[in-house]
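Engineer: As given, the protein sequences belong to chains A and B, one line each in that order.
First residue of the first sequence: 1, per my numbering; consecutive thereafter.
First residue of the second sequence: 435, per my numbering; consecutive thereafter.
No lab work stands behind these hints: they were computed from the structure.
In this text, all values refer to a predicted model and were calculated from it rather than measured experimentally.
One or more hints might be untrue.
Coverage of chain A stretches by chain B, computed from C-beta distances (three or more under 8 angstroms per stretch; other residues unrestricted) [as the list claims (entries may be wrong)]:
no.	region
1	41-52
2	151-165
3	289-302
4	315-328
5	353-363
We put the beta carbon where it would ideally sit given N, CA and C, even for glycine.
If you want the building blocks of each chain, they are given just below.
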Amino acid sequence: MIRFAAAFVGALSLAVPAHATIDITEVVSPGGITAWLVENHEIPFTALEIRFAGGASLDAPGKRGAINLMTGLLEEGAGPLDAQGFAEAAESLAAEFRFDVGDDLLSISARMLSENRDAAVALLRSALIEPNFDEVALERVRGQVISIIDADSRDPDAIVSDTFARLAWGDHPYGSSLNGTLESVAGLTREDMFAARARVMTRDHIRVAAVGDITPEALGALLDTLLGELPENGAPMPPRAELGLTGGISVVDYASPQSVVLFGQIGLPITDPDYFAAYLIDHILGDGLGSRLMTAVRAERGLTYGISSFLAPRDLSETWQGYFASANEKVAEALAVTQAEWARMAAEGASDEELAAAKTYLTGAYPLRFDGNGRIASILVGMQHQGLPRDYITTRNARVEAVTADDIRRVAARLLDADALRFVVVGQPVGLPQ
Amino acid sequence: MTFARIWPILSLTLAAAPAFAEGVSHFTLANGMEAVVIEDHRAPVAVHMVWYRAGSADETRGSSGVAHFLEHLMFLGTDDLAPGELSATVEANGGSDNAFTSYDYTAYFQRIAADRLDLVMRMEADRMRDLVISQDDWATELQVIIEERNQRTDSDPGALLREQMNAAQYLNHPYGTPVIGWRHEMEALTRDDALAWYQRYYAPNNAILVVAGDVDPAEVERLAETYYGPLAPTEGLAPRERVSEPPQLAERRLTMADPRVQRPYVVRSYLAPERDAGDQSAAAALTVLAELLGGNAATSVLGRALVFDSGKAIGAGASYDGLSLDESTFGLSVVPAAGVSLADAEAALDAALAAFLRDGPDPAQFSRIRTQISADEIYARDNVQGLARRYGAALASGLTIADVEAWPDALRAVSEADVMSAAQALFDKGRSVTAWLMRPEGEGVQP
Numbered sequence: 001m002i003r004f005a006a007a008f009v010g011a012l013s014l015a016v017p018a019h020a021t022i023d024i025t026e027v028v029s030p031g032g033i034t035a036w037l038v039e040n041h042e043i044p045f046t047a048l049e050i051r052f053a054g055g056a057s058l059d060a061p062g063k064r065g066a067i068n069l070m071t072g073l074l075e076e077g078a079g080p081l082d083a084q085g086f087a088e089a090a091e092s093l094a095a096e097f098r099f100d101v102g103d104d105l106l107s108i109s110a111r112m113l114s115e116n117r118d119a120a121v122a123l124l125r126s127a128l129i130e131p132n133f134d135e136v137a138l139e140r141v142r143g144q145v146i147s148i149i150d151a152d153s154r155d156p157d158a159i160v161s162d163t164f165a166r167l168a169w170g171d172h173p174y175g176s177s178l179n180g181t182l183e184s185v186a187g188l189t190r191e192d193m194f195a196a197r198a199r200v201m202t203r204d205h206i207r208v209a210a211v212g213d214i215t216p217e218a219l220g221a222l223l224d225t226l227l228g229e230l231p232e233n234g235a236p237m238p239p240r241a242e243l244g245l246t247g248g249i250s251v252v253d254y255a256s257p258q259s260v261v262l263f264g265q266i267g268l269p270i271t272d273p274d275y276f277a278a279y280l281i282d283h284i285l286g287d288g289l290g291s292r293l294m295t296a297v298r299a300e301r302g303l304t305y306g307i308s309s310f311l312a313p314r315d316l317s318e319t320w321q322g323y324f325a326s327a328n329e330k331v332a333e334a335l336a337v338t339q340a341e342w343a344r345m346a347a348e349g350a351s352d353e354e355l356a357a358a359k360t361y362l363t364g365a366y367p368l369r370f371d372g373n374g375r376i377a378s379i380l381v382g383m384q385h386q387g388l389p390r391d392y393i394t395t396r397n398a399r400v401e402a403v404t405a406d407d408i409r410r411v412a413a414r415l416l417d418a419d420a421l422r423f424v425v426v427g428q429p430v431g432l433p434q
Numbered sequence: 435m436t437f438a439r440i441w442p443i444l445s446l447t448l449a450a451a452p453a454f455a456e457g458v459s460h461f462t463l464a465n466g467m468e469a470v471v472i473e474d475h476r477a478p479v480a481v482h483m484v485w486y487r488a489g490s491a492d493e494t495r496g497s498s499g500v501a502h503f504l505e506h507l508m509f510l511g512t513d514d515l516a517p518g519e520l521s522a523t524v525e526a527n528g529g530s531d532n533a534f535t536s537y538d539y540t541a542y543f544q545r546i547a548a549d550r551l552d553l554v555m556r557m558e559a560d561r562m563r564d565l566v567i568s569q570d571d572w573a574t575e576l577q578v579i580i581e582e583r584n585q586r587t588d589s590d591p592g593a594l595l596r597e598q599m600n601a602a603q604y605l606n607h608p609y610g611t612p613v614i615g616w617r618h619e620m621e622a623l624t625r626d627d628a629l630a631w632y633q634r635y636y637a638p639n640n641a642i643l644v645v646a647g648d649v650d651p652a653e654v655e656r657l658a659e660t661y662y663g664p665l666a667p668t669e670g671l672a673p674r675e676r677v678s679e680p681p682q683l684a685e686r687r688l689t690m691a692d693p694r695v696q697r698p699y700v701v702r703s704y705l706a707p708e709r710d711a712g713d714q715s716a717a718a719a720l721t722v723l724a725e726l727l728g729g730n731a732a733t734s735v736l737g738r739a740l741v742f743d744s745g746k747a748i749g750a751g752a753s754y755d756g757l758s759l760d761e762s763t764f765g766l767s768v769v770p771a772a773g774v775s776l777a778d779a780e781a782a783l784d785a786a787l788a789a790f791l792r793d794g795p796d797p798a799q800f801s802r803i804r805t806q807i808s809a810d811e812i813y814a815r816d817n818v819q820g821l822a823r824r825y826g827a828a829l830a831s832g833l834t835i836a837d838v839e840a841w842p843d844a845l846r847a848v849s850e851a852d853v854m855s856a857a858q859a860l861f862d863k864g865r866s867v868t869a870w871l872m873r874p875e876g877e878g879v880q881p
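Please put together the full structure from these sequences, using the hints given.
Structural biologist: This is the structure we're talking about:
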């Protein structure tokens, strides 16, 4: 594969939707739950995306890992069904449910055939409303989580990510892995699972989008069935995470021929008026094969297979980050070239040609995102979470176009600071200060 | 829940299966280039792919990695395009492009607004015959693929073990050589190696065009005639006939210890028949067998026995992909639970297989899998790029469009008896390769 599939690039994709003809209806259920809907009856199924704000950052003090473990248990038995009974029921309906949790959101993704949608909804409802969290399932899933924590302790990508997070956010939930620690997970009880669910899975945290073969009326009824019985209020959102990053290099010794590097500095929130300028700068600097970092570090010098930068505007803190992997003997040079490119952008901004090309790309790429029921539903639910209006899709490209070369220079000078970059290096780099 | 990261081998059984014939058309140009068009008018997007019937298994011995090296060099420019200009032009039009190399094929694709199809087809056709590789560029790109190997293989003990396992599985057939290449042979690759490869295999009579999305088949054919039609075929391109495996007379076993191992596990593979044109029934039975044994973490045979009933494993899976030009493999994997040795985990796997061979499948599970086969035909229609890949990979692996379209029915036609006879023929430990991935002595779980 010519192109590097970056492990850390996921964060920005939801942030920037736009110019497609997507007709969004806002549906308010009889019970008062709001969802966004795009009807499309060409294929007889519906994609449903549900989010609960707060995600794993709502873990109670001393209970790190509880919300992650609880999320893993939602499909492990509900109502009269045990884990296998639940899985068999889903298989019989050919319904697909996925449960996942991140630092900001707990996510439930469902695909349900039109021919048996009511039964699929009833099954999903049981997972959300009456999960059993039985002891057998708890021990089994706890074993899986402990295995993941153990594996992460030897995974250079996990080590670099955890180390960066600890340096950046310290004691805030963002500063530690949402999996918890071996000790914290060992101590979690069945009661903790119910408590974790009550903190995050509540009506005040819900965002919902549906796309596919369903009418507004049917969706309204579905929402009340699926979510109407959830408690009204969950735990309050955690405080903002103070960013503790300083410039410099942190090396974590790890025996492997290659070092992995995660680096970053302060970023900016999506609501910042300069966000689109920063987004364009980031694209020119480190997003894609033609970016400055790919050109300087890969194409011209062969120091890496891939390097990327990305804006990471999370709910409670914002960073501007990048990632690459490089042979131990080459990583010092790769790091120096990266820092020089960061400084050059801060000092000079971008040329008119670069800005024009970035605009054409970002505005042209935007409608290509809306090419499947599941993908569209994910974008819509992300927009809701970010507080964007439904017409954002039609106005977004104009915001990209409005950015000028002066904006690029001003925002690059204001935000980018090569000396403030913290590089976390996991490997046995040659020629870097330890 | 199943935490996806637990699996050492991804199960891709049913997902690799059905397609839908609705809105699919095809044509062949006079110079031998085949084309498939898949219509999906829900979004104004087109996917344009060119697949070459040339993969790493077609390399001559000693030049491993050249197929993938050439894939990288294909982005360096032509007589009409400057280095990087193709990707830059695609990007400037809001599109994205990439490429991938496998044992049996190399493919290039762009995803772009449907009204820019003309542009990408012109550029892709240009680099089919007119690639230019400058003296400076190829040496830098060689360093890039060596870094790619560092990142994807040498930094990952699981990937290193898979490489060793394939080499043990295929004593003679080139599937035993990694797609990216052995490092020492990669380091010796030259511009001439790459050009010889290119001139032989990159030709319309060795290529398949797949265009999918918001497109009109007649317009696609007109554009293809315009851009691909004038290209000269490679004369004398022989059918792909590779050496075959000798009979396996001894069980093969490997152990690998590495301090970087994140999670010890046992994996086993068996040689298994692939999908053949006009004859997909054996592969269909194996596909259903893999789904029965390891498809669903909670309801599959291995999941039930090893994870739920005995608790000896935190994960157990089965994998089989029949899409292969030559003989494929069927894989099994077990990740032991804490405190369970690899030997015990393997013994539990053997016991579960023996019970399955004795008792046969649970009829209820068999019936649920048939339901899923039909549902996947519906869900698959939501991902036109995925459909395009199915057709491209199948045609590049020796199948026809008729085979792709017959595949869902072939899966539905599989009976319980078919599955059991496939399993009886497959599970002979004397014809398997079993590997243990572990940490060095004194660290963590040991056998």
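Engineer: Run the structure past the numbered hints and jot down the numbers of the failing ones, going up.
Structural biologist: none
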